[in-house]
Amino acid sequence: MAPNLCGKYASFQAHSTWRATVTKSRTCCNCCWYYGSHSEFEDGLPSEVYPVFLLLICYPGGIALLFICRDLHVLDLTQQRPRWHRVVVQGPGPGPRYGHVMALVGQRFLLAIGGNDGKRPLADVWALDTAAKPYEWRKLEPEGEGPPPCMYATASARSDGLLLLCGGRDANSVPLSSAYGLAKHRDGRWEWAIAPGVSPSPRYQHAAVFVNARLHVSGGALGGGRMVEDSSSVA
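Just so we're aligned, residue 1 is where the sequence shown starts under the UniProt record's numbering, counting upward by one.
I should point out that these hints are in silico values taken from the structure, not numbers from a laboratory.
Given the structure is predicted, the values throughout are model-derived calculations rather than measurements.
Glycine included, each C-beta is placed from N, C-alpha and C at the ideal position.
Please note: incorrect hints may appear among the correct ones.
To be verified - With a Cα cut of at most 25 angstroms, we get these calculated SDA-like pairs of lysine to any residue: (1) LYS133 to GLN107; (2) LYS133 to GLY118; (3) LYS139 to ALA157; (4) LYS139 to PRO96; (5) LYS139 to GLU191.
To be verified - Simulated restraints, written as ranges between beta carbons of each label pair: (6) LEU75 to PRO196: 36 to 42 angstroms; (7) GLY225 to ASP187: 46 to 52 angstroms; (8) GLY118 to VAL88: 23 to 29 angstroms; (9) GLU136 to ARG226: 40 to 46 angstroms; (10) LYS139 to PRO196: 23 to 29 angstroms; (11) SER159 to LEU77: 32 to 38 angstroms; (12) TRP84 to ALA132: 21 to 27 angstroms; (13) ASP129 to SER173: 33 to 39 angstroms; (14) PRO196 to GLN90: 35 to 41 angstroms; (15) TRP84 to ALA131: 20 to 26 angstroms; (16) ARG189 to GLY91: 35 to 41 angstroms; (17) ASP187 to PRO149: 23 to 29 angstroms; (18) ARG83 to ALA123: 32 to 38 angstroms.
Hey, can you work out the whole structure from these sequences and the hints?
Here's what the structure looks like:
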C-alpha cells in the first residue's frame with residue numbers, strides 16, 4: 001500500500017517493486033537501487049509511511065478546451081468539511097503546463113519541475129517558499145547535471161529534504177529510466193546529482209514513495225498502450 005496526496009492509500013497492482021537507499025552528503029546524494037519483492041515491501045512497512053495529510057496543494061495543469069490550467073489551490077483537510085482555497089501568488093511562475101512533478105521539500109519548499117507547456121517538454125525547476133509571505137514563485141538554477149526535458153516523471157521527498165526524481169517521457173515519447181537527486185545546501189544553493197546504481201526499467205506515469213531512506217517505485221506506462229508488468233519491471 002502507498003499513501004497518495006489525499007492521505008488515502010492506493011494498492012500496488014504489481015507483485016514487485018524497486019527500492020533505492022539514499023543518503024545525503026556533500027555531493028547531494030548517494031543512491032543505490034536494488035530489487036525487492038512485493039511481500040517484502042508489505043511485511044517491512046513501518047507505520048511512519050502512513051502520514052495524515054492536513055493540506056493538499058494542487059497545481060493541477062491538464063488540458064481542457066484547448067487551454068492549460070495554471071492555478072494553485074490548497075485543499076484544507078483540518079475542518080470537518082474539506083474546502084478548496086485558491087492561493088494568490090505574486091509575480092510570474094511556472095506557467096501553464098501538464099505532466100509536471102510537484103513535491104513539498106523539507107515541509108517548506110513547494111517545487112514544480114518539468115512537464116509540458118503544450119508545445120514541448122520542459123526541464124525547469126520552480127520553488128515556492130511556503131514560510132515566506134507574500135507567496136512568490138522563484139525559478140531555481142540548480143548546479144550539477146539535472147534531468148532532461150521530460151513529462152510524466154515522478155518524484156518524492158525524503159523527511160530530511162532530499163528529493164529524488166525518476167523516470168518520465170522525453171521529447172521523442174521515449175520512456176526514461178534515469179534518476180536524479182535534488183538537495184538544498186545550507187548556503188541556499190540547490191544541486192542536482194545523478195543517482196548511481198541500476199535504476200528501475202524505463203517508465204512514466206508511475207508511482208514512487210519514500211519509506212524512511214528507501215524510495216519504492218511501482219507501475220507505470222511504456223507507451224503504445226503497454227504497461228509495466230512484473231517481469232519487465234526488473235529489466
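Evaluation of the provided hints:
no.: 1; hint: LYS133 to GLN107; in the structure: holds (16 angstroms)
no.: 2; hint: LYS133 to GLY118; in the structure: violated (31 angstroms)
no.: 3; hint: LYS139 to ALA157; in the structure: holds (19 angstroms)
no.: 4; hint: LYS139 to PRO96; in the structure: holds (15 angstroms)
no.: 5; hint: LYS139 to GLU191; in the structure: holds (14 angstroms)
no.: 6; hint: LEU75 to PRO196: 36 to 42 angstroms; in the structure: holds (37 angstroms)
no.: 7; hint: GLY225 to ASP187: 46 to 52 angstroms; in the structure: holds (47 angstroms)
no.: 8; hint: GLY118 to VAL88: 23 to 29 angstroms; in the structure: holds (24 angstroms)
no.: 9; hint: GLU136 to ARG226: 40 to 46 angstroms; in the structure: holds (42 angstroms)
no.: 10; hint: LYS139 to PRO196: 23 to 29 angstroms; in the structure: holds (28 angstroms)
no.: 11; hint: SER159 to LEU77: 32 to 38 angstroms; in the structure: violated (20 angstroms)
no.: 12; hint: TRP84 to ALA132: 21 to 27 angstroms; in the structure: holds (23 angstroms)
no.: 13; hint: ASP129 to SER173: 33 to 39 angstroms; in the structure: holds (35 angstroms)
no.: 14; hint: PRO196 to GLN90: 35 to 41 angstroms; in the structure: holds (39 angstroms)
no.: 15; hint: TRP84 to ALA131: 20 to 26 angstroms; in the structure: holds (22 angstroms)
no.: 16; hint: ARG189 to GLY91: 35 to 41 angstroms; in the structure: violated (22 angstroms)
no.: 17; hint: ASP187 to PRO149: 23 to 29 angstroms; in the structure: holds (28 angstroms)
no.: 18; hint: ARG83 to ALA123: 32 to 38 angstroms; in the structure: holds (35 angstroms)
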